[in-house]
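Chemist: Dock chains B and C against chain A, hints included.
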Amino acid sequence: MDISDMVQSAVDEHEFDSGLLTLWCVHTGASFLGQANADDDVIADINAFFEDLLPQKAGKYRHKPDHLDNAPSHLRALLTQTQVSIPVENERLPLGKVQSLYLFEHREAPKIRRIRCHFIGN
Amino acid sequence: MDISDMVQSAVDEHEFDSGLLTLWCVHTGASFLGQANADDDVIADINAFFEDLLPQKAGKYRHKPDHLDNAPSHLRALLTQTQVSIPVENERLPLGKVQSLYLFEHREAPKIRRIRCHFIGN
Amino acid sequence: MDISDMVQSAVDEHEFDSGLLTLWCVHTGASFLGQANADDDVIADINAFFEDLLPQKAGKYRHKPDHLDNAPSHLRALLTQTQVSIPVENERLPLGKVQSLYLFEHREAPKIRRIRCHFIGN
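Residue numbers (our numbering), protein chains in the order written: chain A, 1 to 122; chain B, 1001 to 1122; chain C, 2001 to 2122.
Please note that a few of the clues may not be correct.
[Unchecked claim] Incomplete in silico selection of chain A near chain C, CB under 10 Å:
hint : residue
1    : Leu-20
2    : Phe-32
3    : Gly-34
4    : Asn-37
5    : Asp-40
6    : Ala-44
7    : Gln-56
8    : Ile-86
9    : Val-88
10   : Leu-101
11   : Leu-103
12   : Ile-120
13   : Gly-121
[Said to hold, decoys possible] Okay, derived cross-link-like pairs now, DSSO-like style, lysine-lysine, Cα gap no bigger than 30 Å in a straight line:
hint : chain 1 : residue 1 : chain 2 : residue 2
14   : B       : Lys-1064  : A       : Lys-64
15   : A       : Lys-60    : A       : Lys-111
16   : B       : Lys-1057  : A       : Lys-60
17   : C       : Lys-2060  : A       : Lys-57
18   : C       : Lys-2111  : A       : Lys-97
19   : C       : Lys-2060  : C       : Lys-2111
[Stated by the list, open to error] A few chain B positions that, by computed beta-carbon distances, are all more than 12 Å from chain C:
hint : residue
20   : Asp-1012
21   : Ser-1018
22   : Leu-1095
Derived by calculation from the structure, the hints in this document are not laboratory data. This structure is a prediction, so every number in the text was calculated from the model and none was measured. Don't be surprised by glycine CBs; every beta carbon is placed ideally from N, CA and C.
Isolated chain A (complex conformation) (with noise of 0.2 Å):
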């Protein structure tokens, strides 16, 4: 889920002009990626190149917890980025042109993510 504008919006409203931006998310199933945007097809890469290397399989994951799309959510999580600290300058993200941010999802069922947002600046 690109979440580059909902950020952004949250700079505007609070009218952050320059500082820096972190986001922590209270997740263990989900976490951050800066990733490109010009294309579908990098996402779908993301998700073949993650079930390839760590498959919601039965049985090859020590924690058994009630859903199969837990253990290697863990794993998923771990390669990638529970937080994320972006520079704020003349109120915008510097996000590069074909370059957002994205909350990745790792469990399968749809879940609602809590983030926790912190500003320091002006």
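Modeler: This is chains B and C only, laid out in the frame that chain A set:
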């Protein structure tokens, strides 16, 4: 090693109320994880995953240090995080209900590890 | 590319004494590493690991850009870090004795890369 309590103790001791706490690991064979703490099998799965992906095996790596666990430890550190920044609010770390902060030792023998802590805020 | 000296020069030039320095890579095909600098074979091992895990091979990825190294570069960036925040103390980066900060180029051809630097402190 779950360092959540140790980090919270540092917040308490210095009476940090709200701000941004940054931890920097000055080693290249240990790194940070934000991970689930509900079940020790999660950590066992992490260890198994890394041993599978980056085994401690003679002849696998060009870097030939004194100890076999040194070369893969660099690569394991690279896939996790040398640094983590955590928003502090009302003197609390914003960890989720089953979320802990870990320092992940990638070497086999126990080592003394130093973490630089930086806080900015009130 | 070891950017430790370049980053330290920026700290010197702006006379940053103590605070938090954040680097943000505005590209999706390059990212940051905190890594060992004692032996060039460490970097060779990193390159071999990524080529093994995410090969530049026609037909492997759905994303079909002009250049074969583009699709795996996104995935390699994802496994490392788009952003890094480093505490500065007494005008020094807190790098360990054999620890350097690298900008890791995931594309094959040389490219000009821009890094946003943000400092908060004194």
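Chemist: Min Cβ distance, Asp-40 (chain A) to chain C: is it shorter than 10 Å?
Modeler: Interface hint status for Asp-40 (chain A): holds (9 Å vs cutoff 10 Å).
Chemist: Is the interface hint satisfied for Phe-32 (chain A)? The criterion is a beta-carbon contact with chain C at less than 10 Å.
Modeler: 9 Å, holds
Chemist: Taking C-beta pairs only, is Ser-1018 (chain B) more than 12 Å away from all of chain C?
Modeler: Non-interface label on Ser-1018 (chain B) holds, nearest chain C Cβ at 15 Å vs cutoff 12 Å.
Chemist: Does the structure keep Lys-60 (chain A) and Lys-111 (chain A) at a Cα separation of 30 Å or less?
Modeler: 24 Å, holds
Chemist: Please verify that hint: Leu-101 (chain A), Cβ, nearest Cβ of chain C, below 10 Å or not.
Modeler: With a closest approach of 9 Å, the Leu-101 (chain A) hint holds.
Chemist: Taking the least C-beta to C-beta distance, is Ile-120 (chain A) closer than 10 Å to chain C?
Modeler: Since chain C brings a Cβ to about 6 Å from Ile-120 (chain A), closer than 10 Å, the hint holds.
Chemist: How about Leu-20 (chain A): closest beta carbon in chain C under 10 Å, or not?
Modeler: This interface hint holds because 6 Å falls under the 10 Å limit.
Chemist: Given Gly-121 (chain A) as an interface hint, is its Cβ closer than 10 Å to any Cβ of chain C?
Modeler: OK, holds: Gly-121 (chain A) within 10 Å of chain C, min 7 Å.
Chemist: Run the distance test for Lys-2060 (chain C) versus Lys-2111 (chain C): straight-line Cα separation, threshold 30 Å.
Modeler: 24 Å, holds
Chemist: What's the verdict on Lys-2111 (chain C) and Lys-97 (chain A), does the C-alpha distance respect the 30 Å limit or exceed it?
Modeler: Answer holds: Lys-2111 (chain C) to Lys-97 (chain A) is near 16 Å, not above 30 Å.
Chemist: Mind checking the alpha carbons of Lys-2060 (chain C) and Lys-57 (chain A) for me, to see if they're no more than 30 Å apart?
Modeler: Holds, because 22 Å separates the two Cα atoms, which is no more than 30 Å.
Chemist: Under the criterion of a CB-CB separation shorter than 10 Å, is Leu-103 (chain A) in contact with chain C as hinted?
Modeler: 13 Å, violated
Checked against the numbered hints given earlier, the structure breaks hints 7, 11 and 14 and satisfies all the rest.
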